[in-house]
Amino acid sequence: MKNDPLLQPLQLKHLTLKNRVMLTSHEPAYPEDGMPKALYRAYHVERAKGGVALTMTAGSAAVSRDSPPVFNNILAYKDEVVPWMRELTDACHEHGTAVMIQLTHLGRRTRWDKGDWLPIVSASNHREASHRAYPKKAELWDIERLIADYADAAERMHAAGLDGLEIQAYGHLMDQFWSPLTNELDGPYGGSLENRLRFTFEVLASIRERVGDTFLLGVRYTGDECLPGGIDARDGMAISHRLKDSGLVDFLNVVKGHIDTDPGLTDVIPIQGMPSAPHLDFAGEIKREVDFPTFHGAKIQDVATARHAIASGKVDMIGMTRAHMADPHLMKKVIEGREAEIRPCVGANYCLDRIYQGGAAYCIHNAATGRETTLPHTITPAATRRKVVVVGSGPGGLEAARVAAERGHEVVVFEAADAPGGQIRLTAQSERRREMMGIVDWRIERCQAMGVTFHFNVFAENDEVLAESPDVVIVATGGLPNEQALAEGNELAVTGWDILSGHAKPGSNVLVYDDAGDHTALQAAEIIAQAGSKVEYMTADRALAPEVMAMNLVPYMRALQKLDVTFTPTFRLTGIRRDGSDLVASISSDYTQLDLERRVDQVVVNFGTLPMDDLYEELKPLSSNRGAVDYDDLIAGRAQALDTNPDGTFQLFRIGDAIAHRNTHAAIYDALRLVKDL
Numbered sequence: 001m002k003n004d005p006l007l008q009p010l011q012l013k014h015l016t017l018k019n020r021v022m023l024t025s026h027e028p029a030y031p032e033d034g035m036p037k038a039l040y041r042a043y044h045v046e047r048a049k050g051g052v053a054l055t056m057t058a059g060s061a062a063v064s065r066d067s068p069p070v071f072n073n074i075l076a077y078k079d080e081v082v083p084w085m086r087e088l089t090d091a092c093h094e095h096g097t098a099v100m101i102q103l104t105h106l107g108r109r110t111r112w113d114k115g116d117w118l119p120i121v122s123a124s125n126h127r128e129a130s131h132r133a134y135p136k137k138a139e140l141w142d143i144e145r146l147i148a149d150y151a152d153a154a155e156r157m158h159a160a161g162l163d164g165l166e167i168q169a170y171g172h173l174m175d176q177f178w179s180p181l182t183n184e185l186d187g188p189y190g191g192s193l194e195n196r197l198r199f200t201f202e203v204l205a206s207i208r209e210r211v212g213d214t215f216l217l218g219v220r221y222t223g224d225e226c227l228p229g230g231i232d233a234r235d236g237m238a239i240s241h242r243l244k245d246s247g248l249v250d251f252l253n254v255v256k257g258h259i260d261t262d263p264g265l266t267d268v269i270p271i272q273g274m275p276s277a278p279h280l281d282f283a284g285e286i287k288r289e290v291d292f293p294t295f296h297g298a299k300i301q302d303v304a305t306a307r308h309a310i311a312s313g314k315v316d317m318i319g320m321t322r323a324h325m326a327d328p329h330l331m332k333k334v335i336e337g338r339e340a341e342i343r344p345c346v347g348a349n350y351c352l353d354r355i356y357q358g359g360a361a362y363c364i365h366n367a368a369t370g371r372e373t374t375l376p377h378t379i380t381p382a383a384t385r386r387k388v389v390v391v392g393s394g395p396g397g398l399e400a401a402r403v404a405a406e407r408g409h410e411v412v413v414f415e416a417a418d419a420p421g422g423q424i425r426l427t428a429q430s431e432r433r434r435e436m437m438g439i440v441d442w443r444i445e446r447c448q449a450m451g452v453t454f455h456f457n458v459f460a461e462n463d464e465v466l467a468e469s470p471d472v473v474i475v476a477t478g479g480l481p482n483e484q485a486l487a488e489g490n491e492l493a494v495t496g497w498d499i500l501s502g503h504a505k506p507g508s509n510v511l512v513y514d515d516a517g518d519h520t521a522l523q524a525a526e527i528i529a530q531a532g533s534k535v536e537y538m539t540a541d542r543a544l545a546p547e548v549m550a551m552n553l554v555p556y557m558r559a560l561q562k563l564d565v566t567f568t569p570t571f572r573l574t575g576i577r578r579d580g581s582d583l584v585a586s587i588s589s590d591y592t593q594l595d596l597e598r599r600v601d602q603v604v605v606n607f608g609t610l611p612m613d614d615l616y617e618e619l620k621p622l623s624s625n626r627g628a629v630d631y632d633d634l635i636a637g638r639a640q641a642l643d644t645n646p647d648g649t650f651q652l653f654r655i656g657d658a659i660a661h662r663n664t665h666a667a668i669y670d671a672l673r674l675v676k677d678l
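Just so you know, the sequence shown maps onto residues 1 to 678 in UniProt numbering.
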């Protein structure tokens with residue numbers, strides 16, 4: 001392992017980074033009142049314990065009041081940030097991990113109706129598509145105060161004891177000055193490339209005056225916007241040389257693309273089904289020509305790719321941010337030769353998408369991430385060994401089995417199918433989502449390593465469960481599609497599951513109706529359209545598939561638009577009747593009284609799932625807790641102690657979709673927080 005490229009130190013001025021892996025700046029939206037308090041600190045400290053060389057906090061910390069965060073970011077313009085950042089930095093330093101922060105002014109990449117309701121500012125009046133707000137064009141007095149704001153924020157970070165910082169320059173205010181597409185200023189800050197860069201270099205010079213020569217400074221920027229009329233690769237190379245030659249910065253952090261639209265953002269930060277490391281070669285070209293310390297990160301989700309990035313000399317530090325959200329101890333496992341145990345990032349992007357829609361980043365299959373103050377990443381053994389029976393081996397059931405086994409319990413799993421995975425196995429039938437099987441494969445490997453017993457092709461009933469003489473039974477049987485949601489004609493519809501599994505073949509003229517808003521209907525629509533069928537995707541929601549969220553929606557829309565799928569929001573399917581060889585779908589609206597019809601040859605529906613709870617109901621009267629959960633104890637992290645049935649011989653719980661239709665993360669979270677205390 002001594003010759004592992006990832007484990008070689010890197011010297012930047014006075015600072016020695018102990019290996020070549022970093023967390024790039026990212027904002028998981030854990031601050032409280034704009035401050036990095038206990039949870040934020042615990043999140044970064046856990047990764048420091050796990051051996052990462054550099055953790056880059058805050059993507060991005062706001063330097064000015066007229067840069068209000070669009071989600072929960074660190075407010076670097078407040079003096080009170082200093083002690084909080086010092087606590088975080090000191091705690092990470094104890095584990096040998098360097099700490100930096102990313103500072104920014106969002107410019108037009110925010111909204112005027114956030115924070116103090118100040119006008120947002122940019123280098124033109126053009127709005128950004130993603131955030132939809134029109135900025136004022138920066139005046140000279142704006143530029144002067146913004147330079148001072150950057151310097152003030154940097155001085156706060158220096159006072160907090162950080163090792164350095166980087167300026168965010170792609171998509172944010174700096175880049176809005178750089179790009180010809182977004183800079184319509186006259187005079188010294190507009191026109192030529194030199195003028196468009198002037199604001200950046202004045203900011204860097206002002207920061208350097210405040211923090212001195214030893215505090216590390218870098219810039220994270222796009223070397224090619226990939227937009228007609230924008231910054232191109234030639235401009236990017238010129239900017240890279242100018243940054244180096246200025247003597248003001250110590251490293252470059254290079255990306256490629258633009259983030260002013262959801263598709264653009266998804267190309268910069270690719271999700272599952274998209275190529276790995278798509279911009280690594282581009283970053284390598286800049287490093288080779290400019291010959292300056294270069295950082296990079298964009299879908300570097302596995303150790304092999306990271307190792308190649310360093311071994312090939314393409315970059316000096318490689319970012320593995322989402323990989324560390326999945327497994328904060330990734331580097332420790334590399335150092336100890338336990339790479340096979342690394343929990344894989346499956347690229348589901350639940351983390352990033354959820355920041356905008358749910359308010360905080362959570363990993364789709366590591367429920368402890370973002371909950372470090374209440375949930376463990378390392379399971380502690382139980383004082384007493386118990387017999388735990390898990391029924392169902394979807395993601396929730398496998399997580400329950402894994403955690404129970406790590407607690408030291410004897411674990412038996414019953415599964416009706418011939419293989420584990422549940423709905424994950426179904427969704428992974430789509431090529432773009434096959435990485436989801438990493439959720440299943442990792443848990444199976446961990447369970448097998450700890451001696452969990454699996455019984456496949458067993459539809460467990462009372463007798464099978466009771467024959468195991470369990471102390472605890474966990475019902476993780478999931479759900480089945482709701483096939484009775486229409487007023488008439490339910491028997492004439494097929495479900496999205498039928499299409500995904502291949503049990504139903506696509507028709508030629510198909511209405512896909514989505515009432516759940518998750519992946520199922522979109523996946524079904526794509527399969528049907530790829531078969532050459534005419535497809536209309538309809539939903540009563542005002543937005544398409546809201547549970548899928550923004551960046552995950554991008555690949556679907558690209559595929560479905562190319563296949564000429566029609567999208568019809570705000571209309572509701574109420575029934576189906578047969579008319580000769582056709583099906584007639586009855587359509588209404590929640591907005592006004594309508595009575596419409598669609599004549600098709602197939603109707604595919606997604607009404608979510610209903611719990612498979614027959615076994616649970618049969619076991620309830622035999623259990624000591626009658627299936628009840630003490631929510632206060634569950635939330636507080638205490639063991640379940642309800643004992644309402646003196647004749648009961650085991651505790652009974654159910655998790656995931658066996659309770660109600662939710663998602664993969666919910667099932668895994670149910671399992672972890674329940675079973676960690678068994």
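Be aware that a few hints might be false.
Said to hold, decoys possible - Mimicking DSS-like on lysine-lysine, the simulated pairs with C-alpha atoms at most 25 Å apart in a straight line are:
#1 K387 to K18
#2 K37 to K49
#3 K136 to K37
#4 K676 to K333
#5 K505 to K49
#6 K676 to K332
#7 K49 to K78
#8 K13 to K37
#9 K49 to K2
#10 K387 to K13
#11 K13 to K333
#12 K37 to K2
#13 K49 to K387
#14 K49 to K620
#15 K114 to K387
#16 K136 to K78
#17 K18 to K49
In case anyone wonders, no lab produced these hints; they're calculated from the structure.
Right, here's what the structure says about each hint:
no.: 1; hint: K387 to K18; result: violated (44 Å)
no.: 2; hint: K37 to K49; result: holds (18 Å)
no.: 3; hint: K136 to K37; result: violated (34 Å)
no.: 4; hint: K676 to K333; result: holds (22 Å)
no.: 5; hint: K505 to K49; result: violated (51 Å)
no.: 6; hint: K676 to K332; result: holds (22 Å)
no.: 7; hint: K49 to K78; result: violated (29 Å)
no.: 8; hint: K13 to K37; result: violated (30 Å)
no.: 9; hint: K49 to K2; result: holds (20 Å)
no.: 10; hint: K387 to K13; result: violated (56 Å)
no.: 11; hint: K13 to K333; result: violated (29 Å)
no.: 12; hint: K37 to K2; result: violated (37 Å)
no.: 13; hint: K49 to K387; result: violated (33 Å)
no.: 14; hint: K49 to K620; result: violated (43 Å)
no.: 15; hint: K114 to K387; result: violated (53 Å)
no.: 16; hint: K136 to K78; result: holds (24 Å)
no.: 17; hint: K18 to K49; result: holds (13 Å)
Going through the hint list in order, the structure does not satisfy hints 1, 3, 5, 7, 8, 10, 11, 12, 13, 14, 15.
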